[in-house]
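Work out the full structure: start from the sequences and follow the hints.
2 protein chains.
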Amino acid sequence: MDKKRNIIVGQSGGPTAVINSSLAGVYKNAKERGFHKVYGMLHGVQGLLDEQYVDLSTQIHSDMDIELLKRTPSAFLGSCRYKLPEIHEQPELYEKIFEILDRLEIETFIYIGGNDSMDTIKKLSDYAIVKGHSQKFLGVPKTIDNDLALTDHTPGFGSAAKYIAASTKEVIRDMLGLAYKKEMITIIEIMGRNAGWLTGATALAKTEDCDGPDLIYLPEITFDMDKFLAKTKELLQQKSSIVIAVSEGIKLADGRYVCELSGGADYVDAFGHKQLQGTASYLASYLGAEIGCKTRGVEFSTMQRSASHMASRVDVDEAFMVGGAAVKAADEGDSGKMIVIDRVADDPYMSAAGIYDVHRIANNEKMVPREWVNEEGNYVTDKFISYVEPLIQGDYQPFMVKGLPQHLVLRKD
Amino acid sequence: MDKKRNIIVGQSGGPTAVINSSLAGVYKNAKERGFHKVYGMLHGVQGLLDEQYVDLSTQIHSDMDIELLKRTPSAFLGSCRYKLPEIHEQPELYEKIFEILDRLEIETFIYIGGNDSMDTIKKLSDYAIVKGHSQKFLGVPKTIDNDLALTDHTPGFGSAAKYIAASTKEVIRDMLGLAYKKEMITIIEIMGRNAGWLTGATALAKTEDCDGPDLIYLPEITFDMDKFLAKTKELLQQKSSIVIAVSEGIKLADGRYVCELSGGADYVDAFGHKQLQGTASYLASYLGAEIGCKTRGVEFSTMQRSASHMASRVDVDEAFMVGGAAVKAADEGDSGKMIVIDRVADDPYMSAAGIYDVHRIANNEKMVPREWVNEEGNYVTDKFISYVEPLIQGDYQPFMVKGLPQHLVLRKD
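Chains A and B, in that order, are what the protein sequence lines are.
Residue 166 in my numbering sits at position 166 of the first sequence; the count goes up by one each step and never skips.
Residue 100 in my numbering sits at position 100 of the second sequence; the count goes up by one each step and never skips.
Calculated directly from the structure, the hints in this document are not laboratory data.
Quick caveat: nothing in here was measured; it's all calculated off a predicted structure.
Just so you know, not all the hints are guaranteed correct.
Repeated chains share a single entry, so a pair holds when one copy, or any two copies, can fit it.
[Stated by the list, open to error] Capping the alpha-carbon separation at 30 Å, the derived lysine-lysine pairs in DSS-like fashion look like this:
1) LYS227 to LYS383
2) LYS182 to LYS31
3) LYS83 to LYS294
4) LYS366 to LYS83
5) LYS4 to LYS328
6) LYS233 to LYS412
7) LYS239 to LYS96
8) LYS251 to LYS294
Quick look at the structure:
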């Protein structure tokens, strides 16, 4: 009897609206390619180490379930923010992982995640090669931040950008409806610690029925409080309602985050990243005090990464595609690779899955190029907009049950 | 030649997702009833006093425009937070308004708004009666807060409730995807200064695929910090991820708002209302410090009142209905009245427009009944849920252009 061809898939890092579409792509493609079992690790490698996994066929029973999974935000299997130690630091941990993989007769290990997850794929595939294990390790990109190198863009980014642009339009309309004979400033805070892709996406709100934000500040450009105040005052000479989009990660020349100025808590996560929040409310208070006008800080908060109800069809479909492409690559013998998205054409937009060695990818953050930001450093250029616009097109209507979007959730029996 | 039958309509107070559906209802019904011109005051009575108005036929050219208007959030005509003085305090201001209405040959004056707007209708209709003016004054209810008396509910509430419930589901899913072997508390802050209708609507997130929030704190119930902490700790014994919904308006026994504890700014608006913000982030910091676990504050902010992309079909249709019913009432001779929504039946849900004397309505705030909140004061009862659930049903798909919801905006030529 042939050795069982089993596959295991995990999800890691921050939630997105489409990380489950990639999971659906892995599941469907694996079934079509004749894999025997498709396991899902619960809460990524961290859960796997605790032997937490499910047979996905106990969860996904129909094509309808697959469609529902594509419309479910956040990690269906649960995620983790767990960083594998270097191999020499804790070899017993690697031994344990491979013992579990051997026991489950795993042929292919697929990990859906961002930079930190690709680091996991790199370490596990390196270990397998060194120790002569036969499993294949493939990475599937995922992050709303769009900061992965080599891929044109990341699944999750387009849907977050679409939610952000749509909500920015609504916030602007909200403010304009209220503003009469008084100055109003709204500051919108967007996720993106180091890369300003999502903050720049607020520029998409500039459409025939909306002027879009007036100023956009990305984390790639050093934030200057005095220039910011002067620019805001200058704009108030021309118009009475101003909307400013800022990244949560904007920093002063001395390296401090703007949100640190408010004296908020300094939470540090498992990867040593500072928790950033409060930039908009700090700047709103600051401008309110300096200018004496009405101000409001708005955070799109976790909604921007989990709003499946406003997902982009391009994004959902590409997330599904890269999940399937990872299975195909493994099936054809690849390992230690990450699937990427190549932009085949701009107009009409076309994309295809490509593949790269994961050693070339891990831990390189892709920033917004300086030339895609204007000279003053307070708006994105047309090139930026042309790049993002195709990624927010189309929609997947949520399955509405009792007036609300329905999700597929893990059944633990 | 007959006297011209003209009508003027204005919008006042805070934005909602469906205030423009009422405007569309006024316009369409007025045209069908043979009114000559339909004027729109820009920024309500405040703009009217500056002679700011438009002929709506220059803005609405087709049935398509009407459909687009129904899908456009915030006041299309611009709103105001302007309170008319008592008649004896500033009679010249009333003279000016009626001079403008006479000049425009206005037969009917319709004002779409909340408590403060119904106060305007009352004063203007009182003045007209005392001075022998023939214009009719009708109020159309509008507020996300659902705090108007005599009407079963207010247009705008259902859509805000739907957005809040849908986003609460997504925020909960987001947190559950991340939570593994660590405690996490998410505090969601909802609008509603004195009335907890919207905060209670988070309970609708409890569905077959979601447990909903764990605790719900309405502004009607005095907030006790010690009990809150004790209850949270008790829940953490049973589960590691907790979601708590709080109203922005929760107050301590000594009358202070919880958000005041953070030492934030005390902005007071034209109606003397304090600007409330920061309750969630204050409570998140507080629990983080007391319990030592990861916490996050999430504000749905202005998105909850302007998210037309997640509007309830029941709400949009009812908003349209009450707009049309105001025109009909005036056409049949009513004045000094507000249109209300009567709930005709629960299952299946049916509603119809009713009418009340505006003197019975103005400045009475409708609170969540104490018996619709559980004994502990930290969740709503099934009666509350049965009341709200029909109001979030159905949707109006946004008209998507270039990947984003399109809005009808005022053309100023």
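**Prompt:** Quick check: which numbered hints come out false for this structure?
**Reply:** 2
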